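Enquirer: With chain A held as given, fit chain B onto it using these hints.
Protein chains in written order, with my numbering: chain A, 1 to 335; chain B, 1 to 300.
Quick caveat, the hints were computed from the structure, so don't treat them as lab data.
A short list of chain B residues far from chain A (calculated; beta carbon distances all over 12 Å):
id, residue
1, Leu126
2, Val194
3, Leu219
Straight-line alpha carbon distances no greater than 25 Å define the calculated DMTMM-like cross-link-like pairs of lysine to aspartate or glutamate that follow:
id, chain 1, residue 1, chain 2, residue 2
4, B, Lys31, A, Asp134
5, B, Lys31, B, Asp288
6, B, Lys31, A, Glu130
7, A, Lys226, A, Glu251
This structure is a prediction, so every number in the text was calculated from the model and none was measured. For every residue, glycine included, the Cβ atom is placed at its ideal position computed from N, Cα and C.
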Amino acid sequence: MLLSVVANRVAMALLTLAGVAVIVFILLRVVPGDPVAMMISPGAGPADIAALKAHYGLDASIPVQFWIWIKGVVTGDFGTSITLHLPVTEVLASRLPATLELAFLALLVAVVLGGAIAVAGTLMRRTFGETIIDSLNSIMLAVPDFIWALALVLLFAVAIPILPLTGRIDPDLAEGFTTRFYLIESILTGRFAVAGDILSHMIMPTLALALPLAAVIVRLLKQSLKEAMLQDYVLLARIKGFRELRLVLQEALRNAVGPTLALTGVQFTFLIGGTVIVERIFAYPGIGNLAIDAVINRDFPLIQGLVLLFGLIFILVNIGTDLTVAALNPRLRHA
Amino acid sequence: MEHWSPTSTTSSAPAEPKPPSTARRLLGDPKVVVAGGFILLLIVLAVFAPLIAPQDPLAQNLLAATLPPIGFPDAEAGFLLGTDGLGRDVLSRVIFGARISLTVAFVAAGLACLIGSLLGLLAGFLRGWVDALISRLVDVWMAFPPVLLSILLVAILGTGVHSVIAAIVVIDWTRFCRVVRTETMGQAQMDYVVAARTIGFSRRAILFREILPNVMPVLIALLTLEMGIAVVVEAILSFVGLSVSSDTPTWGGMIAEGRQIVHEAWWVLGAPLAALFATVVAFNQLGDGLARSLDPVLRR
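Isolated chain A, as found in the complex (with noise of 0.2 Å):
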């Protein structure tokens, strides 16, 4: 049963970024301002624009240019980045893992975070110690990623200059990598000096894309627990004598994460849109960074490739989050 809902989605999902690859390519040509037109020196004549143009296939028709495209994206091949002069799913390989690093890590960091304050704040009920955490936190839920990441900056640059600025990892240990998650890598090496490099990197971008998560994550799983603290099985765990941390934790916590759940997964994909701003910010070599460089500089086959990319990333995540959601409801899983 639920196999066939996940297939029915996946193949939903599959046309959908079919479409929208089609609506990219065509929008990207359609529209005055090439990426020739942006690395030609001012004496070049037409003869050598329609060379440049013939070397990148840009001379062809939009329809030939597509199925050009398309022929290769079946095989695995997205073209030849204009700016960098490199194969498109090579680029890509090589900026994806510090991208995953950085919005997986900072997943972990909402979580904790948000599921931590949702605890504190059911425990303080009727307190004024609820009070600020609620205050706190609808001023919190209005404040994006950009704010954030920008508020960091200025606190560790000027009030607290303890954290590098921009960068993954300081250039001079960036050596001896296998793969490109550097972090993963050099915590099961057990390099561990080289960890906490890559991690002081990583603080406050992880920081600026975990805090709006946290909030979102604070206000629903309170409002959940809440819910949950009033119904008769907490109370019989009450007159049981169970302590209230234990209350919240072992009885109300887990039949109130549901739809804390389903909402984080929705969330992580704005997360993941957020790398963007966020790693241009911090100079952090990901995609998101990329791709602000190649819509800038009309680099076709890349931005192609990026949107794709984007796409697969958040059909992923819907459908983990789904499946997710669904090994933990036992009344959804026979639905």
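Expert: Below, chain B without anything else, positioned relative to chain A:
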């Protein structure tokens, strides 16, 4: 003293006090008053910027570059929030920057609201293939990271306020469409709609005279929230260098400059960032307060 009459007994019955008017309820909500007051102040600053700003926001003076705000050593009178790398007055630039931010907030959010809610009303009321088509469109739209999409759109449309507004409308109409569709579907089931149908109201009359007023509270709150989002999107696009040309002061443009010289002159980043923060929080709190005060269910 008291003239007894049947009407006075019924009207002064203790069980049913007359509910306060909407305006009174809004003014009684500190959130709405403070946030709304701030937005009003911002509008006044933006409209009368040439009269209020202490300096010309474009006047460069390299001899007075990166002066700190008043109260710090080396500050100079006349530059309350200091100067930037080209010696331009930061306070005046923040005041003029509010013009672009608010223009984008009102125009972009208004247009997105208009288009999104119209499609949402139609989808929720007509159902059938109209609903299927619109909902599918919304799904395709949402499969995109909004920041990437907005940068892509502005790169395609070319830089400038018009492109920024167009990008926000093209991306964010879905927010209104989804909520209004759900809300309309709920309202269409209500007895008053069935009654209006029975009386023989036309479909257009039912949709715009009966359902729309009841969807309005949600719409107004959503519109206010969207204005906060639009201000941030404009700032992001200016930050990346895709909004208006650099000789018009914008908060995002100032933030980008300030980010470069944050070690030498933190106030060039701090001042516009504080303005952006306050504006976003104000729109958000106002939207929250409006939703609470206008929603007949939440109101209780």
